[in-house]
Amino acid sequence: MRARVTSLFAALLLTVMLVPGAAAVGASHSPSTTAATVAVPSQGDSAETTTEPEEAAESLRGSIRGPDRQPIPGLTVTVTQDGTEVGTATTDDRGQWEVPLPGPGTYSASLDPAELPEGVAPRTEGGETVTGVIVRPGANQGVIFQLAASGEGDDGSAPVASGPSFVDRFLQLTVEGIKFGAIIAITAVGLSLVFGTTRLINFAHGEFVTFGAVMAFFLSVSPLNLPLIVAAVLAMVLTALLAGVLDLAVWRPMRRQSAGLIQQFIVAIGLALVIRHVLLVFFGSRRRGYDQYNVQQALDFGLFRITPRDIAVTLVAFAIMGLVAFMLQRTRIGKAMRAVNDNEDLASASGINVERVVLMVWVLGGALAGLGGVMLGLTQTVFTDMGFQLLLLMFAAVILGGLGSAYGAMIGALVIGLIAQYSTLWFPSSLQNMWALLVMILVLLFRPQGILGRRERVG
Amino acid sequence: MDLLSILSNSLRGAFGPEAAIYALAAVGLNLHFGYTGLLNFGQVGFMLVGAYGTAVPVVAWGLPLWVGILIGIACAIALALLLGVPTLRLRGDYLAIATIAAAEVLRYIYRSEWAEPLTGGVFGITQFANDFYDFNPFSGPFVVGPFNFSANALWVMTVGWGGTLLACGLVALLIHSPWGRVLRSVREDEQAARSLGKNIFSYKMQSLILGGVLGALAGSLMAINTQALTPDVFMPILTFYLWTIMILGGASRIMGPVLGAIVFWFLLTFLDSLLRQAIGTGVIPSGWLESSDVGAIRFAFVGLGLMLLMMFRPAGLLGKQKELRLDVR
Amino acid sequence: MSGDQEQHELEPDLLAEREELIDVERELEAQGPSAGAVRAAEALTGVAPEPGVAKPDPILSADGVVREFGGLTAVDVDHLEVQRGTITALIGPNGAGKSTFFNLVSGFDTPTRGSWSFNGTDISRMAAHKIARLGMVRTFQLTKALMRLTTLENVMLGATGQSGESLWRAPLRFLWSDQERSNQKRADVLLERFRLSHMRDEFAGTMSGGQRKLLEMARALMVEPDLVMLDEPMAGVNPALTQSLLGHIQTLRDEGVTIILVEHDMDVIMSISDWVVCFAEGRVIAEGRPDDIRRDKAVIDAYLGARRSLTQEDDK
Numbered sequence: 030m031r032a033r034v035t036s037l038f039a040a041l042l043l044t045v046m047l048v049p050g051a052a053a054v055g056a057s058h059s060p061s062t063t064a065a066t067v068a069v070p071s072q073g074d075s076a077e078t079t080t081e082p083e084e085a086a087e088s089l090r091g092s093i094r095g096p097d098r099q100p101i102p103g104l105t106v107t108v109t110q111d112g113t114e115v116g117t118a119t120t121d122d123r124g125q126w127e128v129p130l131p132g133p134g135t136y137s138a139s140l141d142p143a144e145l146p147e148g149v150a151p152r153t154e155g156g157e158t159v160t161g162v163i164v165r166p167g168a169n170q171g172v173i174f175q176l177a178a179s180g181e182g183d184d185g186s187a188p189v190a191s192g193p194s195f196v197d198r199f200l201q202l203t204v205e206g207i208k209f210g211a212i213i214a215i216t217a218v219g220l221s222l223v224f225g226t227t228r229l230i231n232f233a234h235g236e237f238v239t240f241g242a243v244m245a246f247f248l249s250v251s252p253l254n255l256p257l258i259v260a261a262v263l264a265m266v267l268t269a270l271l272a273g274v275l276d277l278a279v280w281r282p283m284r285r286q287s288a289g290l291i292q293q294f295i296v297a298i299g300l301a302l303v304i305r306h307v308l309l310v311f312f313g314s315r316r317r318g319y320d321q322y323n324v325q326q327a328l329d330f331g332l333f334r335i336t337p338r339d340i341a342v343t344l345v346a347f348a349i350m351g352l353v354a355f356m357l358q359r360t361r362i363g364k365a366m367r368a369v370n371d372n373e374d375l376a377s378a379s380g381i382n383v384e385r386v387v388l389m390v391w392v393l394g395g396a397l398a399g400l401g402g403v404m405l406g407l408t409q410t411v412f413t414d415m416g417f418q419l420l421l422l423m424f425a426a427v428i429l430g431g432l433g434s435a436y437g438a439m440i441g442a443l444v445i446g447l448i449a450q451y452s453t454l455w456f457p458s459s460l461q462n463m464w465a466l467l468v469m470i471l472v473l474l475f476r477p478q479g480i481l482g483r484r485e486r487v488g
Numbered sequence: 004m005d006l007l008s009i010l011s012n013s014l015r016g017a018f019g020p021e022a023a024i025y026a027l028a029a030v031g032l033n034l035h036f037g038y039t040g041l042l043n044f045g046q047v048g049f050m051l052v053g054a055y056g057t058a059v060p061v062v063a064w065g066l067p068l069w070v071g072i073l074i075g076i077a078c079a080i081a082l083a084l085l086l087g088v089p090t091l092r093l094r095g096d097y098l099a100i101a102t103i104a105a106a107e108v109l110r111y112i113y114r115s116e117w118a119e120p121l122t123g124g125v126f127g128i129t130q131f132a133n134d135f136y137d138f139n140p141f142s143g144p145f146v147v148g149p150f151n152f153s154a155n156a157l158w159v160m161t162v163g164w165g166g167t168l169l170a171c172g173l174v175a176l177l178i179h180s181p182w183g184r185v186l187r188s189v190r191e192d193e194q195a196a197r198s199l200g201k202n203i204f205s206y207k208m209q210s211l212i213l214g215g216v217l218g219a220l221a222g223s224l225m226a227i228n229t230q231a232l233t234p235d236v237f238m239p240i241l242t243f244y245l246w247t248i249m250i251l252g253g254a255s256r257i258m259g260p261v262l263g264a265i266v267f268w269f270l271l272t273f274l275d276s277l278l279r280q281a282i283g284t285g286v287i288p289s290g291w292l293e294s295s296d297v298g299a300i301r302f303a304f305v306g307l308g309l310m311l312l313m314m315f316r317p318a319g320l321l322g323k324q325k326e327l328r329l330d331v332r
Numbered sequence: 078m079s080g081d082q083e084q085h086e087l088e089p090d091l092l093a094e095r096e097e098l099i100d101v102e103r104e105l106e107a108q109g110p111s112a113g114a115v116r117a118a119e120a121l122t123g124v125a126p127e128p129g130v131a132k133p134d135p136i137l138s139a140d141g142v143v144r145e146f147g148g149l150t151a152v153d154v155d156h157l158e159v160q161r162g163t164i165t166a167l168i169g170p171n172g173a174g175k176s177t178f179f180n181l182v183s184g185f186d187t188p189t190r191g192s193w194s195f196n197g198t199d200i201s202r203m204a205a206h207k208i209a210r211l212g213m214v215r216t217f218q219l220t221k222a223l224m225r226l227t228t229l230e231n232v233m234l235g236a237t238g239q240s241g242e243s244l245w246r247a248p249l250r251f252l253w254s255d256q257e258r259s260n261q262k263r264a265d266v267l268l269e270r271f272r273l274s275h276m277r278d279e280f281a282g283t284m285s286g287g288q289r290k291l292l293e294m295a296r297a298l299m300v301e302p303d304l305v306m307l308d309e310p311m312a313g314v315n316p317a318l319t320q321s322l323l324g325h326i327q328t329l330r331d332e333g334v335t336i337i338l339v340e341h342d343m344d345v346i347m348s349i350s351d352w353v354v355c356f357a358e359g360r361v362i363a364e365g366r367p368d369d370i371r372r373d374k375a376v377i378d379a380y381l382g383a384r385r386s387l388t389q390e391d392d393k
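Protein chains in written order, with this note's numbering: chain A, 30 to 488; chain B, 4 to 332; chain C, 78 to 393.
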């Protein structure tokens, strides 16, 4: 029965996945791409509520010429940020293109190699995408696509050339994936611990991430102009404070009234909406980056390239994970957290002050989420939807690792980070979050208790 | 400050096409959560497949609109099966995460470059519902007191509210039948229903499909209403709107979603007009708030409203508080 | 649940309660054995009191049913038969695997291996709802009243083969109204029988714990089962209600329904059971008539052994 249902599901899934792909192959050029030099409103709720009055001062532009230095018209250039498409443009007769941007930040630009004239190809495998383009406020950043004449057909040079470069990309993406996964991990630990101790799925956890990132932003610009590292620490404290206050003001009273879990769950959603949109009022809908550590020369390690900033972020994230593990394993409060996580009644019977432990879990989760927010803002950009987008990946990580297991959440997060990055080896980067979420749904199908989760008894 | 115009705006919002569309989608959600206890946080996904199912066949293949609507319904059924098979066996909170993730996955797919030939990707598609407006029996705008609707809006409203009331009638018939009794028993305790010989998976699936189809019809109407479709209309926040509407009106009340939608849109438009006027006339100094902030403030109030409702009156306007206390979850 | 039992132990009038029970027992004895009890005793004459013994007319028969949790074996039953028309009690110390065995045969849990049949039909690994439809209905240790359904609706839900439970017929009332009316009559009779008629149109959530036990039993009978499995029907029920529950169980047996019950209270078991099966550490260590079990050394050892380690309770 179960096998039958599973295979039915797999077949349905396959159909749905194939339909758009087949349609894309079958249909010719879409009519909409021709009229494409339009700016797309920035992401998020702002798209439906506020019509951005500010002109997008920033833009990406460039001119595309073939190996013979002749301009190539009619190419579609797509600009994305964190996998979200920002806009596209088509090269004109002089091979020039320009895409207006919603704000400064890090972008990727790509062209479709299939549109290139015959005999022309990106100089390197994957050269059709230029990633990590950093745009300063007000800048019209140029992007160069390096094109070369491709080999004369069937001498087999193409596969040979693509071999090592695939490995290169794989290694590069591994580094990126570990970095991204580490950020997800330190944010997801709090989500998992809160669930483990209170059974609440905290929908507002993503907003803690946004809150941390936005606070660090405000602290690091005028009038305070704090160094970003100081701002990050303060943001962490502020987020911890927010989480603690919310536990005292909202969750503890609700637990005391023994409110249902669904009730609490929906309150968390309401809370998420409030925090996110209050931040939106103050921060605005534009994506912004921190001033410090924004532009950095990537260090070339031969196998991969990484900026010093990203190295620092990754190392700090891992150090924090180690600290959290140490705390859970060795300290009094950490042991108490694990005890409450395992069995609240037993913990309370053995003299643990459960309410205090829960408060500490919120504070810890808040602090980690706030720090994660700053890290995410550093490696990408700060915007008010960042937390919610990350929240879904955190869910994926937590479910993959097993709901309620802190270590599971860390491992799940690394897996999710890697999946998101590796998917760009074959698929558009705008879909990287989708793959992570699909993996989560598949995990729910085959092993709902996750990698490290305990199997729950039925009946 | 022109309070009268604010009020008439709000009344228009309360009965306008959007309110009807949201009400219809919330009726479906009410079937899921209110009567079956399914934590569906991906209702927007059903709206999305309904909307694109309606529009894509018209734009891409030149089929008539009614075929599109049928395709939209078929897509919703397929989505319910796809979503339900892996998740309906799981505990409720897993279902919530899985559904919200599935709705996001769908949005990513529909806006991806793969799907662009059909869905127009992030640019979306427009002008596909002319068939619908060709049938518009209203020739001129409708102006009575504060109500002032164009002929087209009036037509969408008629179909929307008519459809919503029909859906409510159908739900009422179903809920007061033995079928509905099983559904409600699944909401109360799955194991008990199982021990009495009820195939709870099948009932949950039927509920998911039926409510999903209602969501898809709401999506169709949404597409028809705006004649323009982009995937980013279908953000998760739309689902949260629907939850607010359902809980505001009263979950597991037949007319809850309808009343909820009317009150919700009244308050939303009221707040919107009030703030805009206050900023416009300088009652709120322009340094404090810009009119571009109004949208965000509105959302923040939706969130606050949802929180307070759930904390202090989870039964909503129509629900019986006493009955809710029996809910042991 | 463990809290419930603790409370029970701490009750000051524990002795009074015991006495009351003994009274009940005497009363029942005074009435002399009922027709059902006589029939059951006759059917079981000559059946040797040893684990896994074959019965003349088994309604339920299990073979090699094993359930492992991680490395732990919760249930390991070689062979067990339940005689039709009897009250068969499953006893054993906490964590002996009685409830797990219950969950396994009723389809609420999947065994690691093993097979079992009901009325001659192999029902191993059959979905729980299908088993129920075949006429084997269970109740739960923690009562599962459907809180926001009325008492009547709770009972009506038990009726099988309701055509109005199909989505297509549901909106067309005339297709199922006749059947609904006759089901309602039957439900009213059951409510009357369990003295719940005054609660007919109240939400089940407003009932007391004992009333919920009665409701659960009424609901199970609405299925018209051949076999009813009661998981600790007396847990947390006051003595007066215990008496009436015992009466209902015996009446059922007299009507020809087979009953399997899990129970902790030895006095209760010895007074009403026709056959007793004793579990310890997942295995059947003894079975026989109540008198055989009283004298069985393995049972006494199991209980004494368990008493010593009774401090740790399992929760299901």
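Treat the hints with caution; some may be incorrect.
What the hints assert, rightly or not - Non-contacting residues of chain B with respect to chain A, defined by C-beta distances greater than 10 angstroms in every case (computed): (1) Gly165; (2) Gly172; (3) Leu311.
Claimed, not checked - To give an idea of the interface, some chain C residues facing chain B are shown, with a C-beta separation under 8 angstroms as derived from the structure: (4) Ala112; (5) Val115; (6) Lys221; (7) Met224; (8) Gln239.
Unchecked claim - Okay, the calculated bits of chain A under chain B, using three or more residues with CB under 8 angstroms as the criterion: (9) 212-222; (10) 359-367; (11) 421-433.
Hints were generated in silico from the structure; no laboratory data involved.
Glycine included, C-beta positions come from ideal geometry on N, C-alpha and C.
Problem - Cut-off 8 angstroms, beta-carbon criterion: hint that Gln239(C) touches chain B - result: holds, 5 angstroms
Handout entry: 10 angstroms cut-off, C-beta based - Gly172(B) kept clear of every residue in chain A
Key = Holds, since 28 angstroms exceeds 10 angstroms.
Problem - Given as non-interface: Gly165(B), which should sit over 10 angstroms from chain A by C-beta - result: holds, 26 angstroms
Handout entry: Least C-beta distance from Leu311(B) to chain A larger than 10 angstroms
Key = violated, 8 angstroms
Handout entry: Closest C-beta approach of Ala112(C) to chain B relative to 8 angstroms, hint status
Key = violated, 29 angstroms
Practice task
Would you check whether Met224(C) satisfies its interface hint, that is, whether its CB is within less than 8 angstroms of any CB in chain B?
Solution key: Given a least distance of 4 angstroms, the restraint on Met224(C) holds.
Exercise for the section: Three residues minimum, CB to CB under 8 angstroms: does the stretch 359-367 of chain A make the cut for coverage by chain B? Let me know. Expected result: Per the Cβ count (0), the hint is violated.
Practice task
With a cut-off of 8 angstroms on the beta carbons, see whether Lys221(C) makes it to chain B.
Solution key: Holds - the Cβ of Lys221(C) comes within 8 angstroms of chain B, reaching about 4 angstroms at its closest.
Problem - Within 8 angstroms of chain B's CB atoms, at least three CB atoms from the stretch 421-433 of chain A: coverage verdict - result: holds (count 5)
Exercise for the section: Tell me if Val115(C) is really an interface residue toward chain B, meaning its C-beta lies closer than 8 angstroms to one of theirs. Expected result: violated, 31 angstroms
Exercise for the section: Mind taking a look at whether chain B covers the stretch 212-222 of chain A? Criterion is 3 or more residues with CB to CB distance under 8 angstroms. Expected result: violated (count 0)
When each numbered hint is compared with the structure, violations occur for hints 3, 4, 5, 9 and 10.
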